[in-house]
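Chemist: Order-wise, the sequence lines are chains L and X.
First residue of the first sequence: 1, per our numbering; consecutive thereafter.
First residue of the second sequence: 252, per our numbering; consecutive thereafter.
In case anyone wonders, no lab produced these hints; they're calculated from the structure.
The beta carbon of each residue, even a glycine, is placed where N, CA and C say it ideally should be.
Watch out, some of these pointers could steer you wrong.
[Said to hold, decoys possible] According to the in silico footprint, chain L covers these stretches of chain X (three or more CB under 8 Å from chain L):
1. 257-263
2. 289-299
[What the hints assert, rightly or not] The calculated DSSO-like cross-link candidates involving lysine-lysine, where the alpha carbons are at most 30 Å apart (straight line), are:
3. X:K294 <-> X:K320
4. L:K29 <-> L:K91
5. X:K300 <-> L:K226
6. X:K295 <-> L:K226
7. L:K166 <-> X:K295
8. L:K166 <-> X:K324
9. X:K331 <-> X:K277
10. X:K277 <-> L:K166
11. L:K181 <-> X:K294
12. X:K324 <-> L:K183
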Amino acid sequence: MLTEKELQRYDRQIMIYGFGKEGQEKLKKAKVFLAGAGGLGSPVAIYLAAAGIGTLRIADHDTVELSNLNRQVLHWEENIGKRKVDSAAAKLGKFNSGVKIETIADTITEANVLKLVGDSDLIVDAMDNLPTRYLLNRTAIAKGIPFFHGAVYGFEGRAMTVLPGKTACLNCLYHGAIVPKEKFPVIGVTPAVIGCIQATEVIKYLVGLGELLTDRLLNYDALRMKFTEFKINRDPNCDCCGKTSRQVKKR
Amino acid sequence: MSVEVEISPIFGRYTNNVLNMKVEGKTVRECLHDLVRQFPDLKKMLLDKDGNLMHSYDFYINGENVYPKDMSKPLKSGDKLNVVFIIHGG
Numbered sequence: 001m002l003t004e005k006e007l008q009r010y011d012r013q014i015m016i017y018g019f020g021k022e023g024q025e026k027l028k029k030a031k032v033f034l035a036g037a038g039g040l041g042s043p044v045a046i047y048l049a050a051a052g053i054g055t056l057r058i059a060d061h062d063t064v065e066l067s068n069l070n071r072q073v074l075h076w077e078e079n080i081g082k083r084k085v086d087s088a089a090a091k092l093g094k095f096n097s098g099v100k101i102e103t104i105a106d107t108i109t110e111a112n113v114l115k116l117v118g119d120s121d122l123i124v125d126a127m128d129n130l131p132t133r134y135l136l137n138r139t140a141i142a143k144g145i146p147f148f149h150g151a152v153y154g155f156e157g158r159a160m161t162v163l164p165g166k167t168a169c170l171n172c173l174y175h176g177a178i179v180p181k182e183k184f185p186v187i188g189v190t191p192a193v194i195g196c197i198q199a200t201e202v203i204k205y206l207v208g209l210g211e212l213l214t215d216r217l218l219n220y221d222a223l224r225m226k227f228t229e230f231k232i233n234r235d236p237n238c239d240c241c242g243k244t245s246r247q248v249k250k251r
Numbered sequence: 252m253s254v255e256v257e258i259s260p261i262f263g264r265y266t267n268n269v270l271n272m273k274v275e276g277k278t279v280r281e282c283l284h285d286l287v288r289q290f291p292d293l294k295k296m297l298l299d300k301d302g303n304l305m306h307s308y309d310f311y312i313n314g315e316n317v318y319p320k321d322m323s324k325p326l327k328s329g330d331k332l333n334v335v336f337i338i339h340g341g
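Construct all of the structure, not just a fragment, from the sequences and the given hints.
Modeler: Right, dumping it as structure tokens:
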């Protein structure tokens, strides 16, 4: 049930055709697991908090560094040296006190991932390395919850949404390829765009609106200001989702 | 037998910022080898010592992924081959 204050706060989105109070209530009930509070995680967290997500469970083991501030807009100069999850929680709490923020300052590992994700309704992939992305993808498949992928490099970004058991997964997309983790070039506007696309997908999924970015990889080339789509077919022999029969949770 | 190739902007520094080009070849392998013949600086970026596409890169044919990722996949005149870098930054 929405309060009077919430009805007022979210009035403009409740007005959207098909959204309504019912959609807002769905957002309020939702728990989102956000893996990463960096360049992608910042816009994802800000726009999900703005939209009135019930619970944001944010995992990041890093502390804020000066070199993060060109893109990780949740963190400010005063937060340098502090844990990113604490910095994020402080801003988000002031921005929207109605959103419950849960913080996890641990590294996401094979051993703890199931517990960390817990009873979240979905996973947002805002990580900075492929092994953890694959691990989160596998976890989403194991739990039968959606997975919202985003990645950036320089002026280029990509996004794809995964509904386990129904659509191509991250492993179908990259077939387990590993790219060594290294310092990568990026300007803040790129994760801003991709993070907003991920947040948009999450909102659409939770509310039940529109068509999701499934079985499609969206490629954003900011230098040519061009969006391209690649059709991603499920790999019948995918190590992660090829034999699974689990279906995504019905909302 | 001409195939249209589009490469990720990351490769622009090796091709004088040319990102769309025509190549000749009947398979992905032949087309990629013609690509690096035209732009030799790309070779060390794209291909390993056996002439295969390095694991950091991926390709799509006519806007679609293919299984298995096989360099011998046939291409015909008018096809489009996209070569992309697997990005993972957040």
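Chemist: State the violated hints by number, sorted upward, taking the hints as numbered earlier in the document.
Modeler: Hints 2, 5, 7, 10 and 12 not satisfied by this model.
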